[in-house]
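> These are the residues of each chain, in order.
Number of protein chains: 2
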Amino acid sequence: MKTSKYFMPTLREVSSDAETISHQLMLRAGLIRKQAAGIYTYLPLGFKVLKKIENIVREEMERSGAIEILASALQNAELWQESHRWYEYGAEMFRLQDRHGRDFCLGPTHEEIFTDLVRNNISSYRQLPLNLFQIQTKYRDEKRPRFGVIRSREFIMKDAYSFDIDEEGLNKSYEEMYKAYRRIFDRCNLKYQVVEADTGNIGGSSSHEFMVISEVGEDSLIFCDNCGYSANVEKAQAVDRQFVAESIKKKEKVYTPNIKTIDKLAEFLSIESSKILKAVLYTDEKARTFMCLLPGDREVNEIKLKKLLGIKELNLASEEEIYKVTKCKPGFSGPVGINKEVFIVADNEVKTMTNFVVGANEEDYHIINVNLNEFNVNIYGDIKNAEEGDNCIKCGNKLSSSKGIEVGHIFKLGTKYSKLLKATYLDKNGKEQPMVMGCYGIGITRTLAAIIEQNNDEDGICWPKHLAPFEVAVIPVNIKDEEQANLAEKIYEQLKNHNIDVLLDDRDERVGVKFKDIDLIGIPLKIVIGKKISEGQVELKFRSGKETKLVNIGDIIEEVKNFYSLT
Amino acid sequence: MKTSKYFMPTLREVSSDAETISHQLMLRAGLIRKQAAGIYTYLPLGFKVLKKIENIVREEMERSGAIEILASALQNAELWQESHRWYEYGAEMFRLQDRHGRDFCLGPTHEEIFTDLVRNNISSYRQLPLNLFQIQTKYRDEKRPRFGVIRSREFIMKDAYSFDIDEEGLNKSYEEMYKAYRRIFDRCNLKYQVVEADTGNIGGSSSHEFMVISEVGEDSLIFCDNCGYSANVEKAQAVDRQFVAESIKKKEKVYTPNIKTIDKLAEFLSIESSKILKAVLYTDEKARTFMCLLPGDREVNEIKLKKLLGIKELNLASEEEIYKVTKCKPGFSGPVGINKEVFIVADNEVKTMTNFVVGANEEDYHIINVNLNEFNVNIYGDIKNAEEGDNCIKCGNKLSSSKGIEVGHIFKLGTKYSKLLKATYLDKNGKEQPMVMGCYGIGITRTLAAIIEQNNDEDGICWPKHLAPFEVAVIPVNIKDEEQANLAEKIYEQLKNHNIDVLLDDRDERVGVKFKDIDLIGIPLKIVIGKKISEGQVELKFRSGKETKLVNIGDIIEEVKNFYSLT
Chain A
1 MKTSKYFMPT LREVSSDAET ISHQLMLRAG LIRKQAAGIY TYLPLGFKVL KKIENIVREE
61 MERSGAIEIL ASALQNAELW QESHRWYEYG AEMFRLQDRH GRDFCLGPTH EEIFTDLVRN
121 NISSYRQLPL NLFQIQTKYR DEKRPRFGVI RSREFIMKDA YSFDIDEEGL NKSYEEMYKA
181 YRRIFDRCNL KYQVVEADTG NIGGSSSHEF MVISEVGEDS LIFCDNCGYS ANVEKAQAVD
241 RQFVAESIKK KEKVYTPNIK TIDKLAEFLS IESSKILKAV LYTDEKARTF MCLLPGDREV
301 NEIKLKKLLG IKELNLASEE EIYKVTKCKP GFSGPVGINK EVFIVADNEV KTMTNFVVGA
361 NEEDYHIINV NLNEFNVNIY GDIKNAEEGD NCIKCGNKLS SSKGIEVGHI FKLGTKYSKL
421 LKATYLDKNG KEQPMVMGCY GIGITRTLAA IIEQNNDEDG ICWPKHLAPF EVAVIPVNIK
481 DEEQANLAEK IYEQLKNHNI DVLLDDRDER VGVKFKDIDL IGIPLKIVIG KKISEGQVEL
541 KFRSGKETKL VNIGDIIEEV KNFYSLT
Chain B
1 MKTSKYFMPT LREVSSDAET ISHQLMLRAG LIRKQAAGIY TYLPLGFKVL KKIENIVREE
61 MERSGAIEIL ASALQNAELW QESHRWYEYG AEMFRLQDRH GRDFCLGPTH EEIFTDLVRN
121 NISSYRQLPL NLFQIQTKYR DEKRPRFGVI RSREFIMKDA YSFDIDEEGL NKSYEEMYKA
181 YRRIFDRCNL KYQVVEADTG NIGGSSSHEF MVISEVGEDS LIFCDNCGYS ANVEKAQAVD
241 RQFVAESIKK KEKVYTPNIK TIDKLAEFLS IESSKILKAV LYTDEKARTF MCLLPGDREV
301 NEIKLKKLLG IKELNLASEE EIYKVTKCKP GFSGPVGINK EVFIVADNEV KTMTNFVVGA
361 NEEDYHIINV NLNEFNVNIY GDIKNAEEGD NCIKCGNKLS SSKGIEVGHI FKLGTKYSKL
421 LKATYLDKNG KEQPMVMGCY GIGITRTLAA IIEQNNDEDG ICWPKHLAPF EVAVIPVNIK
481 DEEQANLAEK IYEQLKNHNI DVLLDDRDER VGVKFKDIDL IGIPLKIVIG KKISEGQVEL
541 KFRSGKETKL VNIGDIIEEV KNFYSLT
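Residue numbers (our numbering), protein chains in the order written: chain A, 1 to 567; chain B, 1 to 567.
Here chain A stands alone, though its shape is the one from the complex (with noise of 0.2 Å):
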């Protein structure tokens, strides 16, 4: 390809609301442009290196024997009522009416419709396994699409969808998936962790999320260094606190003015924040209000605590709900002298906290000196945040975090879809059996923008070089110089020759302005063209480490073809 009949549209500068890395580089080296929030277009160099990375995904689904088949976006209401997740999922799902009036989503994910497929075509345990995938276009109306591709409504994900005749026959599905990701992602280039996760609006028994290790993440990860447990903190355990037992102190209202947050009211009464006990108010699906209490130093872990109280929704109560409950404004919420009919839930850490300030639910009070007897709880469990510097659930040395892109995720479904969809199996009694299902997910589009975030520097992209989008570039330092023009024309035709996928840049520009160009798209081999044709040589630019070389002519093949195959 040459870039004077190429279409790669660099820009110096990019708007401002690309707060990451990725999506800044993938608008400046002319990968993406958006079409709406969260809706983009991938040019020609983003388009090659996205089918680059559906390749990799494609061999190494179809190696795990996955077999790829081709669904619609468009999906008929009725699937996802038979279902319940017509009504379950909210917002999120873009919805809408053919002409005659039917209901319909644009896919955000496809359960229901591979469930649908296996149950009308499969029938016996002879033909199972099953193992189908596809690689589509999916639609997710997100509240705060962001980040470019890494959030966006529609994007494209390859999603597997196993079934077997049992759990064991799961188990090993969900193995061969959880292998193949391993090497998908390890192709990839790619630094990541696979984390005990969630299993969200999908549903099912277990999951492992996919995370590349990146700050501009939007999980949080909880692992341990010397066992390998991680997980999500969403899901992430970790050991209780066991609080030393102080002898019982008196209690006491405390002056405590304008002072409504822990850090705060922790300084102003020197102690350690973990001798407060945060009481956090919140509302549920059916505006019930409740208390959720923890040390100090924790964060209500909400997918805890909804699991934790079999509910569905959960909001942060209002000013107005918090009154109704504690007769104060927020800030000093407490569970002493509050009304019977509140329901508290507790975390576990609670249980060995002694002498310790609560919100006295009148302004500018706490009480200190608060022990358990004072109130009711009516529930412990786990409701917090496993912390970076916890110990570990399964081996106790301490935990370390960071923050990671969700790249992929895997789910034991277990007979969820199969059994409010009927998709049955015979059994070889002859009777009538639910499949054991499993799904796997990976943001192909969002793997993209992980592969850019990790892999750059201040000049642009530095791409792995099996997914660059050109392997070479030829670069003729003065493209009105004759014998430069011939020679990189003809260097061009023999790495074709080679099927070297080489771009020559033979734009009429200052040399400076090409190599900026080059570098920021990320090609990791340039092979200059100037002066030194005298001497019958030219130079060899790595993207990588700014390396040189001068090579003869005739050795350029050879020497390409070692850059790419050696490593």
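Source of the hints: derived by calculation from the structure; they are not laboratory data. Here the structure is a predicted model, which is why all the values come from computation and not from measurement. Heads up, the beta-carbon is just placed ideally off N, CA and C, and yes, glycines get one too. Watch out, some of these pointers could steer you wrong.
Stated by the list, open to error - Computed from the model, here is a short list of chain A residues facing chain B with C-beta under 7 Å: (1) Phe7; (2) Gln35; (3) Thr41; (4) Tyr42; (5) Leu43; (6) Ile67; (7) Ile69; (8) Leu70; (9) Ala71; (10) Asn76; (11) Asp141.
Claimed, not checked - Derived lysine-lysine pairs resembling DSS-like cross-links, with alpha carbons at most 25 Å apart: (12) Lys172/A - Lys5/B; (13) Lys48/B - Lys52/A; (14) Lys431/B - Lys5/A.
Unchecked claim - Sample of chain B residues lacking proximity to chain A, with all beta carbon distances greater than 10 Å (derived): (15) Ile165; (16) Lys251; (17) Ser318; (18) Glu321; (19) Phe343; (20) Asn348; (21) Pro464; (22) Asn499; (23) Phe515; (24) Ile553.
Position chain B against the provided structure of chain A, taking the given hints into account.
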């Protein structure tokens, strides 16, 4: 691949709504399954062939210099409002709103998106010409989806958009696409005709359709075997007939009881239907009812009619609307004595009619021996369909006709979209000019169906060799015979090692059942492993022609390679 681990659910029977052979075979051979009306899932076999077609399209598009990108299916309304098509597209466009109430559509086509992309990223004549394409999913809410993936609501299309500095450039880009399309459909082994076509709601100055000749085609083609002229009936022209002038006879009202059709009237009066002046009443978008006149043996061409009158909508007038104009019920309408305010349009052929028959605007009466001086015609033009047997407009020879499936359509758009969307470039003199555009579409999924429509027999699909989902099927006659099973496995592995795409039918089924499935699916070559093993031989069975051939086991690879390279 082994059938035991594959997903190819074949069917003996299909539902009666599968009217065409391709639709029936795609269901029976397990290529597709219906998800909703006009919405399909591509199963593994269908998906494989789809990819082969896509690759042909991609290769030829790239050969022509076009560059691949990928735009979104979700398109914000604003661009469509800019081009006015938001208001013009009608019910065929799927529309929806996001969670913030913003309007979107599911792209039925991408002129706006590509024009927007190019206007934002190209500014100079030096960056043109440019031809961008994508292979992407389109959405059209067809009034009557049918024939499986031939007329579906979610389908895969290759669409390309060219941007040139002037008409001459456009002509060149258009010619390149014309040639690429010929190469594509030639490589798909299709029998097709390229015809002049109407530009419809895409717009532009001229266009060609690529029509696969087929009885189930929804389009009618007119073509001249002599000079090669060919056009969609929507667009086709023929030489107007000149009727022999008769001496004027006296007009006379005749009683024609309950005779409402042209055929019955001609029979009743013992005349040629061309002696009857057919009057058809239409209502336009402004609810104006007008009369359209043509010889009784001719059909109105509504597209020509709309163009001639410059109107946007055309509906046959209702009984009520007809009564308003003629004061009579339908079946007896005519131009004589009608209110002068009623607009009358007549076909050019009417000009030479004499002593003809018209409706009397009175129930059960017609008038005979009417001549043109009896009424006023507001405008004459070509408003009829050309028909088989007419004389070619180019060479005068007799025209032929056939039915066709439109698989490709190319348009010269000119500056329609670039002017509406202000897609301009700076020319050599620094002057702003609108880009000159073309657009080019291929229905990928429809092409798949068209190939099957032209390549099948009573046993199933007969794929062109290079498009078959598998190149070879290895079939042990009795999988329980250990010797057969082992040899089958060995041959299967050998073929795989030679990069031959092979299906091993290892099901425990009668060999007849296997043959039926493999023939239905259309694999071009079967290797049957049976009793001849004892003589060191297997049988090759060819899908086309039904020949068989005994070959030595050691010669199999060579035989297969010969079969695939000789044609």
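> Hint by hint, note whether the structure agrees.
Results of checking the hints against the structure:
Proximity of Phe7/A to chain B holds as hinted, the smallest CB-CB distance being about 5 Å (cut-off 7 Å). For Gln35/A, the interface hint holds, since its Cβ comes within 7 Å of a Cβ in chain B; the closest pair sits about 5 Å apart. Evaluation of the Thr41/A hint against chain B yields a held restraint, the C-beta minimum of about 4 Å falling below 7 Å. The closest approach between the C-beta of Tyr42/A and any C-beta of chain B is roughly 4 Å, which is under the 7 Å cut-off, so the hint is satisfied.
With 7 Å as the threshold, the beta carbon of Leu43/A comes within range of chain B, its nearest partner Cβ sitting at about 5 Å, so the hint holds. The restraint placing Ile67/A at the interface with chain B holds, with a minimum CB-CB distance near 5 Å, inside the 7 Å limit. For Ile69/A, the interface hint holds, since its Cβ comes within 7 Å of a Cβ in chain B; the closest pair sits about 5 Å apart. The beta carbon of Leu70/A is positioned within 7 Å of a beta carbon in chain B (closest approach about 4 Å), and the interface hint is therefore held.
For Ala71/A, the shortest C-beta to C-beta distance to chain B is roughly 4 Å, which falls under 7 Å, so the interface hint holds. Of the supplied interface hints, the one on Asn76/A holds, with its beta-carbon coming within about 4 Å of a beta-carbon of chain B, less than 7 Å. Taken as an interface hint, Asp141/A checks out: its beta carbon lies about 5 Å from the nearest beta carbon of chain B, inside 7 Å. The hinted pair formed by Lys172/A and Lys5/B meets the criterion: a straight-line CA distance of about 15 Å does not exceed 25 Å.
Note on Lys48/B and Lys52/A: the hinted pairing holds, with a Cα-Cα distance of about 18 Å set against a maximum of 25 Å. At roughly 22 Å between alpha-carbon atoms, Lys431/B and Lys5/A fall within 25 Å of each other, so this suggested pair holds. A cut-off of 10 Å between C-beta atoms confirms that Ile165/B is not in contact with chain A; the least separation is 14 Å. No Cβ of chain A comes within 10 Å of the Cβ of Lys251/B; the nearest lies about 48 Å off, and the non-interface call holds.
The claim that Ser318/B lies off the interface holds: its Cβ sits roughly 21 Å from the closest Cβ of chain A, which is beyond the 10 Å cut-off. The beta carbon of Glu321/B is kept farther than 10 Å from every beta carbon of chain A, the shortest such distance being approximately 24 Å. The non-interface label for Phe343/B is consistent with chain A: the shortest C-beta to C-beta separation is roughly 31 Å, beyond 10 Å. Once the 10 Å rule is applied to beta carbons, Asn348/B is consistent with being away from chain A; the minimum gap is 37 Å.
Look at Pro464/B: its CB is around 21 Å from the nearest CB on chain A, clear of 10 Å, so calling it non-interface holds up. Every Cβ of chain A is farther than 10 Å from the Cβ of Asn499/B; the closest lies at roughly 15 Å, confirming the non-interface assignment. Non-interface call for Phe515/B relative to chain A: holds, since the shortest CB-CB distance, roughly 20 Å, exceeds 10 Å. At roughly 28 Å from the closest C-beta of chain A, the C-beta of Ile553/B stays outside 10 Å, upholding its exclusion from the interface.
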